[in-house]
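Peer 1: Make the full structure from the sequences, and use the hints.
The residues making up each chain are set out below.
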Amino acid sequence: MIEFKDIKKKFGDKVVLDGVSHVMETGKTNLIIGTSGSGKTVLQKCLVGLFEPDEGEIIYDGKSFTEMTEDDRKVLRQQIGMLFQGSALFDSMTVEENIKFPLNMFTHDSHSKKMDRVNEVLERVNLKDANKKFPSEISGGMKKRVGIARAVVLNPKYLFCDEPNSGLDPVTSMVIDKLIRELTVEYNITTIINTHDMNSVMEIGDNILYLVDGKKEWSGNSKDIIFSDNKQLNEFIFASEFLQDAKSMRMMEAKDKKATDEIKKQAEELKK
Amino acid sequence: MNFITHFGRYSLMLKDMIGRPENGKVYWKEFMLQCKDIGIGSLGIVSIVSVFMGAVSAVQTAYQLVSPLIPKSTIAQIVRDTVILEFSPTLVCIVLAGVVGSKIASELGNMRVSEQIDALQIMGINTKTYLVLPKISAALLMIPLLVIISMVLGIWGGRLAGNASGILSNDTFDRGLSESFKAFNVWFALIKAYTFAFILSSIPAYYGYHVHGGALEIGRSSTKAVVVSCIMILLADYALAALLL
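Just so you know, the protein sequences line up as chains A and B, in that order.
Residue numbering for the first sequence follows our numbering, starting at 1 and increasing by one per position.
Residue numbering for the second sequence follows our numbering, starting at 273 and increasing by one per position.
Please note: incorrect hints may appear among the correct ones.
[Claimed, not checked] Rough simulated footprint, nothing fancy, chain B against chain A, three-plus residues with beta-carbon under 8 Å:
(1) 83-89
(2) 223-237
[To be verified] Below, a list of computed lysine-lysine pairs in the DSS-like style, where the Cα atoms sit at most 30 Å apart:
(3) A:LYS74 with B:LYS301
(4) B:LYS287 with A:LYS113
(5) A:LYS113 with A:LYS132
(6) A:LYS132 with B:LYS400
(7) B:LYS344 with A:LYS74
(8) A:LYS45 with B:LYS308
(9) B:LYS308 with A:LYS114
(10) A:LYS133 with B:LYS297
(11) B:LYS308 with A:LYS257
(12) A:LYS157 with B:LYS297
(13) B:LYS287 with A:LYS114
(14) B:LYS297 with A:LYS128
(15) B:LYS308 with A:LYS157
(16) A:LYS132 with B:LYS301
(17) B:LYS400 with A:LYS10
(18) B:LYS287 with A:LYS10
(19) A:LYS133 with B:LYS400
(20) A:LYS132 with B:LYS344
[To be verified] Okay, the calculated bits of chain B under chain A, using three or more residues with CB under 8 Å as the criterion:
(21) 286-300
(22) 436-449
For the record, the hints were derived by calculation from the structure and aren't laboratory data.
Here a beta-carbon is modelled for each residue, glycine too, at the ideal position from N, C-alpha and C.
Peer 2: Structure (structure tokens):
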């Protein structure tokens, strides 16, 4: 679990985060959503320590990250995996070497044991045949999967994903979402995802934080979004007419179901 | 940003890069890779520059020594001393500032822009120790070696040109080489080589590591790194000559 309280961050005179507080739950996909410039990436970078917040506290499973020494942070970071927007794979290394790199750096296992683990995660992300290829030789979707494999190879407790669907077609996006969701549940990871992708919000949004101008505007899960009357959230999520229609249909279905359940309940009571 | 800010950040980078490696084997591998890139990768250009530098030096010295009272072997002495004292350490290091310096700046700049440095940092790796220290250490080991090779090739180029153009025979050149030789000159050249190696690896590392933006900024920082390295090499050259000679 990652909890952050009253996070504030300014760049010059520009306030990017203005007192954001939230709890990211373990074993769930926690989403940070918001328009461009709302502070999603800055918040995520504050959480992993790439930026220092001006004020506020970040707590990883009861331990204050903001008060940790750099050495303690280095130890904690070995439990953090991160998937970057551009994948951030090392150009000079093959797919296999990219995934093996954290194992080489932080474990003293034998070569065969490391290779077993690399092959295990490669299989998990369906990239067994691409192990000898360089990042420049694989597609965007494959790069994301290699990025995920590298992020989870050390069995992290926390997984951060910055726009995992950007630049991907809808089908590949869904594959990536499904993979992140499965890994989160399988390894009981606290996963935090920055996204613009509405499919992701509706499919894997267990715990959603909606930011507007650096402030927490709304939080809930993907089911709550349908019934939310927050104007800004509705305008952001259901931006097109098509999506607005889809929302109306989902609400009608839900109301119908509720009405049907009510009738069934009354009928059962009458029977009694 | 003014000079003091740059100098402060540069000093902090040098301070932070001194740290305990997370895994010695991985760091050793990276160091050897850098030795190969800097040493073997620059050997070709250093050899070509050195041979022609020595050859031109011999021909131009002969052109200026018109007095029949000055023995021909003096040409060899002048070639030897100019190559050892100035051409090999300074000129070769200026060439290397272009070759090695731009490579270091653009490599680190590209890693910064594509978030590879952030990825290393999040893994818990000291990025300055892992990325900057092996480059500077490899430069400190390989560049003095390249300078020694350059001295040998420069003098050999002078001998070859002197003989080929009929200015002086090989025997006369060899005799001139051993006349009034000062071993201190070689030490002085090596002191310069170490100083310049540090300058031409650490300054581009600083500019590359602190790039912000995209491809345009990588190009700009790479150019700036080479220009600043060359100026610092020339300033250090003068300072060392004034102090040690």
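Peer 1: Would the hint linking B:LYS297 and A:LYS128 be met if the CA-CA limit is 30 Å?
Peer 2: 27 Å, holds
Peer 1: Within 30 Å, alpha carbon to alpha carbon, are A:LYS132 and B:LYS301?
Peer 2: 20 Å, holds
Peer 1: Tell me if chain B covers the segment 223-237 of chain A under the three-residue, 8 Å CB rule, please?
Peer 2: Since 0 is below three, the answer is violated.
Peer 1: Tell me if the straight-line CA distance from A:LYS113 to A:LYS132 falls inside 30 Å.
Peer 2: 18 Å, holds
Peer 1: For the pair supplied as a hint, A:LYS74 and B:LYS301, confirm whether the alpha-carbon distance does not exceed 30 Å.
Peer 2: 22 Å, holds
Peer 1: Is the listed coverage of the segment 83-89 of chain A by chain B valid when you require three or more residues with a beta carbon under 8 Å from a beta carbon of that chain?
Peer 2: Answer holds; 5 residues pass the 8 Å Cβ test.
Peer 1: Okay, the segment 436-449 of chain B and chain A, do three or more residues pass the C-beta test at under 8 Å?
Peer 2: violated (count 0)
Peer 1: Holds or violated: are the alpha carbons of B:LYS344 and A:LYS74 at most 30 Å from each other?
Peer 2: 66 Å, violated
Peer 1: Given the hinted pair B:LYS287 and A:LYS114, is their alpha-carbon gap at most 30 Å?
Peer 2: 33 Å, violated
Peer 1: Against the 30 Å threshold, does the CA-CA distance of A:LYS132 and B:LYS344 hold or violate the hint?
Peer 2: 62 Å, violated
Peer 1: If you draw a straight line from the CA of A:LYS132 to the CA of B:LYS400, is it 30 Å or shorter?
Peer 2: Holds, at roughly 28 Å.
Peer 1: Would the hint linking A:LYS133 and B:LYS297 be met if the CA-CA limit is 30 Å?
Peer 2: Distance ~24 Å between A:LYS133 and B:LYS297 Cα, so the pair holds.
Checked against the numbered hints listed earlier, the structure breaks hints 2, 4, 7, 8, 11, 13, 15, 20, 22; every other hint is satisfied.
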